[in-house]
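**Q** Residues per chain are reported as follows:
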Amino acid sequence: MKKYIIYGSFAAMGILSTVSCTKNITDLNTDPTKPAAVSSAALYASATKEMADAITSTNVNLGIFRLIVQQWTETTYIDESNYNLVTRTIPDNFWDAFYTDALMDLNEAKKVLEADNNTDATVKKNMLAQIDVMSVYGTSVLVNTFGNVPYSSSLNSDNLFNKYDDAHTIYTDLIKRLNADLANFDESATGMGSSNMLFSSNEIANWKKFTNSLKLRLGILLADVDPATAQTIVTEASAGAFDTQGEYAKFPYSTIPPNTNPLWEDLVQSGRQDFVGSNTFVDYINSVEDPRRPFYFTTIGGIYKGGTNGLKSPYANFSHPGALLEKKDLPGVFIDYSEVEFIRAEAVERGWAVGGTAATHYNNAITNSILYWGGTQEEALTYLARTDVNYLTAAGDWKQKIGMQEWIALYNRGFDAWTAQRHLDYPQLVPPPKAQSGYPVRFTYPIEEQNLNTANYDEAASAIGGDAAETKLFWDKF
Amino acid sequence: MKRALLFFTMLMVSVTLTYAQQRQVTGKVTGPDGSPVPFATVQIKGTNTGTTTDQDGFFKLNAKPDAVLIVRSVGYVSQNIPVGTSSTVTIALKSDDQNLQEVVVTALNVRRNKNELAYSAQTVTPEELNRTRDVNITTSLAGKVSGLEIRKNNTLGGSTNIVLRGAKSLTGNNQALFVVDGVPIDNSNTNTTDQLKGLGGYDYGNAAADINPDDVESVSVLKGAAATALYGSRASNGVVMITTKKGSRGLGVTFNTGVNVGKYDPSTFAKYQNKYGAGYGTGYGSPDGYFYYTDVNGDGVDDRVVPVTEDASYGGKFDPNLQVYHWDAFYDKSPYYMKTRPWVAASNNPSAMFETAVGTNNSISIDGSSDKGYFKLGYSKFIDKGIMPNSRIAKDLINFGASYNLSSKLTASASVNSTIIDGLGRYGTGYDSKNLMTNMRQWWETNVDVKEQKEMYLAEKRNITWNQADVGALNPIFWDNPYWTRYENYETDGRTRHFGNISLNYKAADWLDVIGRVSLDTYNEHQEERSAIGSIDPSKYSEFKRSFSEYNYDLMLNFNKNITQDLTFKGILGGNVRQTNVNSILSSTNGGLLIPRLYALLNTANPMEAPTQIATREEVDGVYGSADFGFKELLFLDLTLRRDQSSTLPKGNNSYYYPSASLGFVFSKLLPQTTWLTNGKLRVNWAQVGNTAPALYTRNYYDVPTGIDGVPLASVGGTKYNPDLKPEKTKSFETGLEMSFFGNRLGFDATYYKQNTVDQIVPLPVSRSTGYDYKVINAGDIQNQGIELSVFGTPIKTKDFSWTINVNWSRNRNKVVSLPGIDKLQLGDYQGGITVNAVLGQPYGTITGSDFIYKDGQKVVDADGYYEFTNTSNHTIGNVNPDWIGSISNTLKYKNLALSFLVDVRHGGDMFSLDMYYGLATGLLPETAQLNDLGNESRAPLSEGGGIVLPGVTEDGKPNTTRIANEYGTYGYYYNPDKAFVYDASYIKLRELSLTYSLPTSVISHINPFKGVDISLTGRNLWIIHKNLPYADPDDALSSGNSQGFTVGAYPAVRTFGANLRLRF
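Line by line, the protein sequences are chains A and B. According to our numbering, the first sequence is numbered sequentially starting from 1. According to our numbering, the second sequence is numbered sequentially starting from 479.
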């Protein structure tokens, strides 16, 4: 019997030693398929692409701004043209694109770069400034979409319940950051190089112009709420912003999926026919015989015809987005010379010292746009000579003149067109008869925030005056 | 652990035997009919020496010639047999109806008499299991075990959600563990997250479907943690123990052949109004606005054309006198080319697409055994064709098992199972163009005849669809020709699996077995998905390959020793090493295909993106021990302890213990013998089970999207992993009462349980402003408590006729007791702004979305006559948990004829239907085309007395009287909050019906070589007796997983009728 016990004990010890031997099983828990370290440039580039996608897309789950500003309307499924934001959780998707896909990666790019001691100090400084400018850009889009948003404590997984910062306070900080970035740019060195994505030559010089242009845009949006500050910002920024025909900050899309212009995916690759020109827009550009029409739209029976905004509009009966918009590698535009010139025109009207006359800036803006889309200098001259276009004779006050033309020039830049329209209050857009809300001047907060960050959501909703699409942003005084 | 070892060693020493002139006695224990009685106790009277019989009733024992053997087995009268001089004895036991008890296979494949168990276990016999011969063993369990909730996707070969006693884990795996012959079998589900969310994709089923139902000898379901603690981590959700057949004495051959046919159940599919046709209302150009208006025939006059670009049925009123051009007028191979046809409802609505499902199954098994061992060999082939065209799943199952007694002490056994599954044309799921149910339930033109679509596709194999991009265009706009979808955009898949084990059993002493076992479960699967050139979706071919392997190494010491005559002891000391490796790779063409119908990666239109790879390795090392004491068959005490060390937890936090203690008290032994009380047992147990983290939960990596023209991209992943994770723990308490009366004619088993799962490892959905989608944390305390009741009875039992009833009933109440600093955990988010949540203080699975505005309980209607609803979407609008589930099965036997039927009930629980959300909006359902309160067509213009008045009150509380137009969206999502589409998911179903006839032995004996001939007729899902969810099966689930309560593009239930012939030689 004894020997059995001995056997048994040996066996038991065998078991114990097998399972508790010193090998480190924790090492098995590593992922051989993914990197644990990446370059800051790669993180920066990915974030930049995500933001370009979000503002360029016409996907009904994400980028419905062309519909809100009534440049386009939908053919069969007219929900988004009627401001249904909930069914497809559009605010959630737009919010996610900026926080998790863009700002988080920029934040990480900054951390990785700060810990990197092998990069030349000047280059590193330029790169950090580029990361910061894109981060300011992304934050400004969020503020311009929602109003108060989480900012000071955001992008940190230790803070699960982020307070929403006051939108105006965020703006003040964004301007401060842009000023610091401008001071840090050093043209004697490069920055991200080919990963900067926005400019293919004169990298840092162009980045300074881009940064000033962005500052200019943020400045002019403050004009109604805080004119004195706005004036300072605008006059400072105007001097360094885009000043030459054809200048713009763009995202260069590829001809190879999945990095094509997202517009191509929805207009061409999907095989769907969801969008036609809206009569609100098409009727107006018809009335001014805009030379950009052949680039903006196709014709139906030789004419440009828009579907009744917000009502279903059979694709065959109405003008479709033009061929240029179907190009796989059509660049996404963050800001361009036209927009800068419109802002300068407004600044002149407000009596701020940015040089030139309102009419010159207005003409430059329109001419730049016409040439960008493929029109000629002659067409621009003819167009500007029309009494309903000419700055001296066109209808309305400066807000209306600039607003109507900026609406046209910011075709295919739905988000920026929406921002400009809310700022200038022209064109005066009327919601479709069965719209689910009044004209949306912001997005409602994401459903996720209602569920996952309830207390802060409630506080923010009450701070901005109610979480409705009709609640005006802090800068949208009128 | 060392201390535990010491304890066991001491125990062994204390029970050391005295030996004296002993010799070996071998024997066999049989029942009154000569059949072997396994696991009978054979004890030498007056000593502690004893053994148990093996599978075939044999035993060996050393005994003195003057010894007397006491032979006991539950269900039989004990007998005393003097050994005498013979070295072999055969003992025939008389059955004891007073004490008939079943043998239950418990954790680690240990067989116990049910009466000894101090925890809840329920067995299902193969007859019960395979009564209707479903190819998937997991679905066959539905309604047969109390506390087991099964939900199945109605797709062909779809996955099954198997949850015991409610969901314990907030976001992790809640599926019961399947164990075959002591070896855990992987039951992974490889469906994509999009598929789980209802966004499209295929349901590839789960891997437990690889178990051969014909090879099953018994199924025991161990529900609570005390029963399963020895299995370690994976058993915290309960275990389904499957024991496969062992060879029977002599040689046996069984041949089974069956065929079944299935028809869709019309009560679970959409019905179509037949008054109005295609369109979203007016505005299409014709004078009435309902038709496109263009000169088709060139006569200079505009003609009416059906709005072919539209996928709704809010169009013109049908009128047989109105001649219009339909979709087929523009296709030159069509008989209606350039011809008009009357404007009428289709003769064949989409239900005409459902074909008759046909399944065949054939199996043969050969087995045999002798003193030296046994073997078995089986082959089964199942072929199932579904109700959707071009769908087929073939399954080949081969199993081999053998055992050989190498010496009187050493037995070697092996079991090998191979399964080959070939799938073709599984049904698309979710909100997707490949799910025709989404098309037909939500977006359909009632004038489209699905048979004409079929003819058109078959004629030229082109995508000639009713839903043209433009009048006369031959390319699709939103929906493909449904037959194109089925025949051109099909998937194929396959899985080849091998699982089995080899083991050596060394009988070191009468009371000690040493078992060493190596088991392997490995499979390779592939899934190919296609989207043909010319479809709505961009053309594409993708290939997914996954390999899985799991090794289990076990060494186990089994002690079986009586300490005194009255005090029995069984002990286990063992160790287990489990290694699991999973590798997968998903490759896909990029930006379309170039050559039509060539489905290969080289046919990519653009350079391919890098494939998506997943590689995980896991190891869990465990040691365990158990000690089971029995006192006079009156009191039973089981103690178990296990320690696991897991590779997926961080060092320092990676080992954890599972203690359990169970006490059983057979109180009927103490009561005076009565005629009415046969048996009574009270049991109580407590256990704590640990659980480890999924692989790769402790460290963050970066995502690397495809670079853009040479510029590399990288991104922070969406989940913040946690380097400080701790194991999660489930604490469970259970108490139960089992009683049987009148010689087991009536009995019940009632259980109350309470389980708390704490420190759950949860990927917590977080506000995206954190920069992440999820953060992995240890959190929460979910409590499940419930009652399970099984009642059995035999109201009638005569020589020729018997009637038995089994009732299972259970209710589970779960509650989120604590969450880490939050009050709501989002489990899933869906289209429509719907989320399913775990809310603090409420049951797990709260459906939230937008709701009506109420005034004094009445829905508020605005000044325009439409419902007002919340602009926020965080209102509780439902709860997915049923109040209770239950089933009743009846078996009526008359001589050799047996009739069985099973009725299955779920009461309560809610479900959100995206099919109704859209289907009511687009006007294809009959509700949208009824007469209104004035007796007029509600779709008529308001000016003509049409329109409807929504029930509700105005803001000032007065009844609503404002009439609104009945148009696109009136009944659907557009003008109604999410709450309007939440339905009660209760049902009562006639789940199974079978009629079996066994040829009487008197007949069989004349027809050599048969030992038995059984003929059966079966039916599954024949009748949904009651339900509240319109046009769909409330039992249908998106997939297995935690997200339940949302239905989209649901397939109808299938009524299956079958016939089966079983021959035993």
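These are calculated hints, taken from the structure and not from any lab test. Each hint should be verified, as a subset may be incorrect.
[To be verified] The calculated DSS-like cross-link candidates involving lysine-lysine, where the alpha carbons are at most 27 Å apart (straight line), are: (1) Lys1373/B to Lys572/B; (2) Lys542/B to Lys111/A; (3) Lys1023/B to Lys34/A; (4) Lys34/A to Lys1253/B; (5) Lys1209/B to Lys1253/B; (6) Lys859/B to Lys1023/B; (7) Lys163/A to Lys1253/B; (8) Lys523/B to Lys542/B; (9) Lys434/A to Lys1209/B; (10) Lys34/A to Lys1204/B; (11) Lys1333/B to Lys34/A; (12) Lys110/A to Lys124/A; (13) Lys399/A to Lys472/A; (14) Lys1333/B to Lys434/A; (15) Lys434/A to Lys753/B; (16) Lys434/A to Lys795/B; (17) Lys1436/B to Lys110/A; (18) Lys1147/B to Lys523/B.
[What the hints assert, rightly or not] To list a few chain B residues with every Cβ distance to chain A over 12 Å, as calculated: (19) Pro543; (20) Pro1085; (21) Ile1092; (22) Phe1226; (23) Asn1234; (24) Ile1312; (25) Val1317.
Cβ atoms here follow ideal geometry from the backbone N, Cα and C, with glycine treated the same way.
**Q** So, for every hint listed, does it hold in this structure?
**A** Quick rundown of the hints versus the structure:
1. Pair hint lysine 1373/B plus lysine 572/B holds up; C-alpha atoms about 24 Å apart against a cutoff of 27 Å.
2. Distance check on the hinted pair: lysine 542/B and lysine 111/A sit about 82 Å apart at the alpha-carbon level, beyond 27 Å; violated.
3. Using a Cα cut-off of 27 Å, the hinted pair lysine 1023/B and lysine 34/A holds, with the two alpha carbons roughly 18 Å apart.
4. Using a Cα cut-off of 27 Å, the hinted pair lysine 34/A and lysine 1253/B holds, with the two alpha carbons roughly 19 Å apart.
5. A hinted pair counts as satisfied when its Cα atoms are at most 27 Å apart, and lysine 1209/B with lysine 1253/B qualifies at roughly 25 Å.
6. Taking the CA atoms of lysine 859/B and lysine 1023/B, the gap is about 24 Å. The hint holds against a cut of 27 Å.
7. Only pairs whose Cα atoms come within 27 Å are accepted, and lysine 163/A paired with lysine 1253/B is accepted, the gap being roughly 18 Å.
8. Taking the CA atoms of lysine 523/B and lysine 542/B, the gap is near 11 Å; set against the 27 Å cutoff, the hint holds.
9. With a C-alpha separation of about 55 Å, the suggested pairing of lysine 434/A with lysine 1209/B is violated against the 27 Å cut-off.
10. A hinted pair counts as satisfied when its Cα atoms are at most 27 Å apart, and lysine 34/A with lysine 1204/B qualifies at roughly 24 Å.
11. Between the alpha carbons of lysine 1333/B and lysine 34/A the distance comes to roughly 55 Å, so the proposed pair goes past 27 Å and is violated.
12. The straight-line distance between the Cα atoms of lysine 110/A and lysine 124/A is roughly 10 Å, inside the 27 Å bound, and the hint therefore holds.
13. Annotation: proposed proximity of lysine 399/A to lysine 472/A holds, straight-line Cα distance about 18 Å (limit 27 Å).
14. About 24 Å separates the Cα atoms of lysine 1333/B and lysine 434/A, which keeps this hinted pair within 27 Å; it holds.
15. At roughly 26 Å between alpha-carbon atoms, lysine 434/A and lysine 753/B fall within 27 Å of each other, so this suggested pair holds.
16. Taking the CA atoms of lysine 434/A and lysine 795/B, the gap is near 24 Å; set against the 27 Å cutoff, the hint holds.
17. With a C-alpha separation of about 61 Å, the suggested pair lysine 1436/B and lysine 110/A falls outside the 27 Å cut-off, and the hint is violated.
18. Restraint check for lysine 1147/B and lysine 523/B: the C-alpha separation of about 21 Å stays at or below 27 Å, so the hint holds.
19. Once the 12 Å rule is applied to beta carbons, proline 543/B is consistent with being away from chain A; the minimum gap is 21 Å.
20. A cut-off of 12 Å between C-beta atoms contradicts the statement that proline 1085/B is not in contact with chain A; the least separation is 6 Å.
21. For isoleucine 1092/B, the requirement that its beta carbon stay farther than 12 Å from each beta carbon of chain A is not met, with the minimum near 7 Å.
22. Every Cβ of chain A is farther than 12 Å from the Cβ of phenylalanine 1226/B; the closest lies at roughly 41 Å, confirming the non-interface assignment.
23. Asparagine 1234/B, annotated as away from the interface, keeps every beta carbon of chain A farther than 12 Å; the closest lies near 24 Å.
24. At the 12 Å boundary, the C-beta of isoleucine 1312/B falls inside the reach of chain A, the nearest C-beta of that chain being 9 Å off.
25. Under the 12 Å C-beta cut-off, the non-interface status given to valine 1317/B relative to chain A is violated; the minimum distance is some 10 Å.
Hints 2, 9, 11, 17, 20, 21, 24 and 25 from the list above are not met by this structure, while the remaining hints are.
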